[in-house]
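K.L.:
From just these sequences and the hints, can you work out the full model?
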Amino acid sequence: MSEPTEGHYRPDAVEAKWQARWAERGTNAPDLDRAPKPFYNLMMFPYPSAEGLHVGNFFAFTGADVYGRFKRLQGHQVFEPIGYDAFGIHSENFAIKIGTHPAELIPRNIANFRRQLTNLGGMFDWRHELATTDPGYYKWTQWLFLQLYHAGLAYKKKAAVNWCPKDKTVLANEQVIDGACERCGTQVEQRLLEQWFFRITDYAERLLANLDDPAKMDWSSSTAAAQRNWIRRSEGAEIEFPSDAGPIRVFTTRPDTLFGGTFLVLAPEHPLVDALTLPPQRLAMEEYRKAVASRDLVSRKVGEKEKTGVFTGSTALNPATGLRIPVWVSDYVLMEYGTGAIGGVPAHDERDFAFAEKYRLPIVRVLAGPGDTGATPIREAEVETEGYRLVNSGAFSELPAAEAIRAIVAWLEREGHGRGEIRYRLHDWCISRQRYWGPPIPIIYCDACGVVPVPEADLPVLLPIIEDFRPDDSGISPLARHEEWSMVPCPTCGGPARRETDVSDTFLDSAWYYLRYLSTELDDRAFDPARVARWLPVASYIGGNEHAVLHLLYSRFIAMVLHEQGRLHFEEPFRKFRAHGTIVKDGAKMSKSKGNVVVPDQYISRWGADTFRTYLMFLGPYEEGGDFRDEGLAGPRRFLDKVWELVDQAERRTLVGSELHQGIVIKWNQTKKRVTEALEALSYNTAIAAQMELLNAMRAVNCSERRIVKEMLQMLAPFAPHFAEECWERLGATTSIFDSPWPVWDEALTVEQTMEIPVQVNGKTRSRVQVPRGAGESMVLAAALRDPVVEKFANGKEPVKVIYVQDRLLNLVL
RNA sequence: GCCCGAGUGGCGGAAUGGCAGACGCAGCGGACUCAAAAUCCGCCGGGGGCAACCCCGUGCGAGUUCGACUCUCGCCUCGGGCACCA
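All letters in the first sequence, in the order written, are residues 1172 to 1985 by our numbering.
In case anyone wonders, no lab produced these hints; they're calculated from the structure.
Please read these numbers as outputs of a predicted model, since none were measured by experiment.
Where hints are given, some of them may not hold.
Here are the computed distance ranges between Cβ atoms for each label pair [claimed, not checked]: (1) 1464 to 1399: 19 to 25 Å; (2) 1620 to 1557: 42 to 48 Å; (3) 1358 to 1194: 44 to 50 Å; (4) 1980 to 1555: 44 to 50 Å; (5) 1762 to 1933: 51 to 57 Å; (6) 1984 to 1557: 17 to 23 Å; (7) 1693 to 1622: 27 to 33 Å; (8) 1805 to 1183: 14 to 20 Å; (9) 1495 to 1647: 43 to 49 Å; (10) 1557 to 1943: 54 to 60 Å; (11) 1770 to 1194: 41 to 47 Å.
Restricting the straight-line Cα-Cα distance to at most 20 Å, the calculated cross-link-like pairs of lysine to aspartate or glutamate (EDC-like) are [as the list claims (entries may be wrong)]: (12) 1760 to 1812; (13) 1813 to 1798; (14) 1756 to 1816; (15) 1881 to 1864; (16) 1765 to 1798; (17) 1310 to 1300.
Glycine included, C-beta positions come from ideal geometry on N, C-alpha and C.
P.N.:
Structure representation (structure tokens):
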């Protein structure tokens, strides 16, 4: 379809005019120090790619902006900041690809983003724009690192980490998807490197518990579920199996199956493997461990694969049975989880069963269901507990499984063989990156003094502009090649020392940006406590679920730490979080190779931002996303054109308070109610539909009553802000529509006085009767029985039962 | 395998226990026009009937209920997250 010809409504002129006027008037800049009803409206800041903002960004930002504008109209002072997540691998990789320096590329991209965001008509407070690459910002990112360091929450350790051979850096576990780099898709390798970690695992319990505390967090269920999955708490026991090399500690969630433990398995990296491997097995063990280490982590972690393993030659004692059981090594046991060793209970664990079958290890049943003696051999592992009881378990036999867990843990503790324990899947957050484009970690290594944190007065540690910023395979940051930068005097003793040359993870930049927005103009502290107290926690945060376990988890952790230090009055930074859906194009995912990528700028110049915004919000439920089709834009555009025409008519109309069509009054009040409720629920598509219905009703009776038209504009304003401002002005206003109060409705006028009640016969609607609202059963029944259609279906029979729901329906059961 | 969503006309979707298909797109018919576009009016789930109307219909199968797109149980399909996690 081609665009409408010369209408009266010219989006380009209207939009430019209002964008300029908002900037002049400071319409979108609340008083951060005095706002009486502050509302912090946050959206996930973009990383400034060279391609510019994608339609997905526009969808996300528009939805958040609509909500912010709605809150503004409801009388809140809304702070809606925007910024740029401009450090990090994505920016750096792109710079490498096109042969530019990121320090040159990023400002260009930011300028383009700023232009796009302005064109979109977001209610942004541009005075508080920020970029994480600004030394005035990352000074405080480094300061944040120091706060964690001083609190003992940052530590350095040599550990097996995820190494991306293409991006040539380590990755956090959260950045590894199916064993591949989330950025470039390259299969991740294991490397042993010295890295800085944050002790996020110390907070696992609270991070988990707060998810279930509605006073602290009101989050999309999918996001909360993803975090629960990621942290994953396991309740069980740690049990010690004595061996010649000392006790082997094992973690299990099923202490009830202890008597069925017929072997132990250690991870190949387990520190006791050398001591336990007897001379005849050493060669095989050496080979096995080498083979495992060289294999990438993907195939190691993918289940359902043939089990492999090597016997150490040693045995350990099962403290429950008193039997000596063989100790094996296999890569199906992971060093990074639990204790790196497991008790093999083949009868009641599928993996142990497969391993036992392959290596002909004994399988002893210790659980049996109802009516089963437990004597017959099994063909596959029985993992159920519900209704099962213990067998072959000494004094614990015949106990129900659930009870046995408690009893055996108590016994272990009494006898000193182990204890009840809780483990988490969550790992500490590795924040070191062997890359260039990030904030240098503010640490100095001195031969005399050891690890010395950079004094706060010396911050920021500026990232030097170097030409050879490309990473290499060495596992050492590009900054390490620049001794003129890295060699510094020790801040403590003045002796020769060198800087840490790794930079920190981009997710540290974004873990606290919402704090900085409030105080971008301050350079003597990270954030102003009075503003924090006034504006935080964030009232509404809208973003994509791709950050459910990255940004959203890290931000929570950082806030908890700062809370503990008395710097923040809240523990959870984002009181309400909603995940928006994703946009597809013509039923398919957008991708460059398919050539179906929507470039928002083209649509804005062709249709106008207001039409584009309204269409994006109309194409599907906001929290589910939807299908972008070019033809679809015509609907919202026609809608705006018709409203424009209605404003024309209202403009000419001088009579106010004239007699109103009764049906319109009802529809008008219903619409106000529906739109208000829909906006609060982020049900933007139905909010727009309701407004279209009101418009259609107005046109049908040729009504252009000013009072109604003005309220229609207010309801439309969150979606089409420039358009609404222009029409508002045409109807005589001299101040912004966003400073007007949100329409109120009269509940009594949301329902008709005369109602049409459906009459069902045996649950099927057969007719309708007109009755006054609130009519009683006898009246409606009498009216229904007089109805010829009902009469026909009743066929002379008396109703056996009558169901009447007042003002809703009447059902006659014959 | 576990967790979170979703499945409704040609299409996007609405209705969360009470008239299924609001709103919009596309399509069809008409008005206006020399013509086209735009605009306006009408039709628009399937089947039957001259018609008033009737029958069928919300992924599949059971159930609860006077009444189920909606609730319960058991499946199937799609999207997303987690996954040899002990």
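K.L.:
When the structure is checked against the list of hints, which entries are broken? Sort them ascending.
P.N.:
Hints 1, 2, 6, 11, 12, 13, 14 are the ones this structure does not satisfy, whereas the remaining hints hold.
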